Amino acid sequence: MSDIINLGIIGHGFMGHEHEAMLSDFEGIRVTAVCDTAADQLEDVKVGILRYGTPEELLANPDIQVVIIAVNNNQHRKLVELAARAGKDIICEKPVAMSVKELDEMVKIVDECGVKFTVHQQRRYDPDYRTIKEIYDRKSLGDVYTIKNQLYGFNGNMHDWHVYVSEGGGMLFDWGVHLIDQVMWMMPEAKINSVFADVRNVINFEVDDYFNIMLKFDNGVTANIELGTYYLKDAPSNWFERHWFMGGNEGTAYVDGFHPEGRIVRTEELLHNVSGNRTMTAAGPTRSFGNPREGLIVTEPLPTVNTSHRNYFENHVRAYHGQEEFLVKIPEVRRVLAVMKAIWESAKTGNAVAFEK
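In the working numbering, the protein residues as written are 1 to 357.
Everything labelled a hint here was simulated from the structure, so no lab data went into it. As the structure is a computational prediction, the values presented were derived from the model and not from experiment. Beta carbons: idealized from backbone N, C-alpha and C, even for Gly. Watch out, some of these pointers could steer you wrong.
Across the chosen pairs, the derived CB separations fall in these ranges [claimed, not checked]:
id	residue 1	residue 2	range
1	Thr-146	Gly-295	24 to 30 Å
2	Lys-101	Ile-297	16 to 22 Å
3	Asn-201	Arg-263	33 to 39 Å
4	Asn-249	Val-47	41 to 47 Å
5	Lys-329	Asn-291	46 to 52 Å
6	Glu-27	Phe-205	44 to 50 Å
7	Lys-348	Ile-297	24 to 30 Å
The whole structure should be built from the sequences, with the hints applied where relevant.
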């Protein structure tokens with residue numbers, strides 16, 4: 001049997017195009033076919049790749065071993081079942097399902113059919129995320145007590161089918177699954193004690209475009225995850241779209257941008273008591289929040305990481321051939337969906353939701 005994986009892409013919208021572009025010259029993978037029910041989406045498929053107008057036609061091709069499902073969120077359940085019953089191994093775009101119940105139905109089917117099943121949570125390889133995760137893993141800040149994961153934009157409105165609740169639109173399903181997954185995968189052994197969330201439609205009629213989520217973990221960490229699509233700043237450059245902040249009892253770290261910039265920040269000596277000297281500031285006299293003396297604040301460079309979204313498929317090729325495990329495991333994405341259910345409940349009631357106590 002050839003080591004090359006023959007792969008089909010179901011859905012040739014934005015993500016389908018992204019997958020085709022990345023995988024067309026990818027070692028160990030051959031993009032064999034693409035399908036889309038909209039004929040105009042197939043017009044730019046590269047020469048040599050088969051084109052189909054329906055998923056059923058693509059799934060009937062006996063040469064295809066793996067399919068990527070890259071369609072509207074509300075169609076994942078049906079297409080996972082079709083692919084599994086056709087004997088194809090499956091990579092499903094996130095969010096894998098619209099609910100925990102829907103995912104459990106998928107798992108039952110893929111287990112019955114004996115096919116491989118994983119999810120395209122490629123942002124576990126984002127350089128900004130891997131940088132802050134490396135700081136956490138090294139215990140560079142001592143005992144961490146707070147993590148902030150923030151994403152802001154200015155365009156406001158959703159696009160295409162993302163504006164419809166019925167299609168699985170909205171930012172919690174679009175980006176929330178990534179941001180929540182990143183925090184949870186950083187601390188996989190920590191249980192979540194409670195979930196508190198504010199989810200809003202700021203300028204979109206049907207779907208959420210802002211959320212602020214607080215997850216309290218049993219390891220003493222409180223994580224804050226915030227996203228806003230209409231979060232404005234009058235800066236001509238260096239838009240503050242991406243932020244991480246982590247605080248510990250031995251320092252803090254900030255990581256800004258998808259191509260991260262930032263520092264680890266410490267005090268030259270740990271202060272055991274605040275000086276009795278007062279400092280006059282624009283806000284009035286203070287001691288705890290006065291200007292630091294010269295030399296007190298010291299910084300260190302961020303750790304260097306070298307990751308990209310291609311690493312997701314490099315892992316997939318090796319895992320497919322039994323050389324390692326798939327990076328993204330179904331119980332992990334199920335737990336994220338369970339957290340999202342608690343987020344919706346908290347946003348509706350205005351109360352914190354007990355989770356894994």
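> Which of the stated hints cannot be reconciled with the structure, identified by number in ascending sequence?
Replying inline: 2, 4, 7
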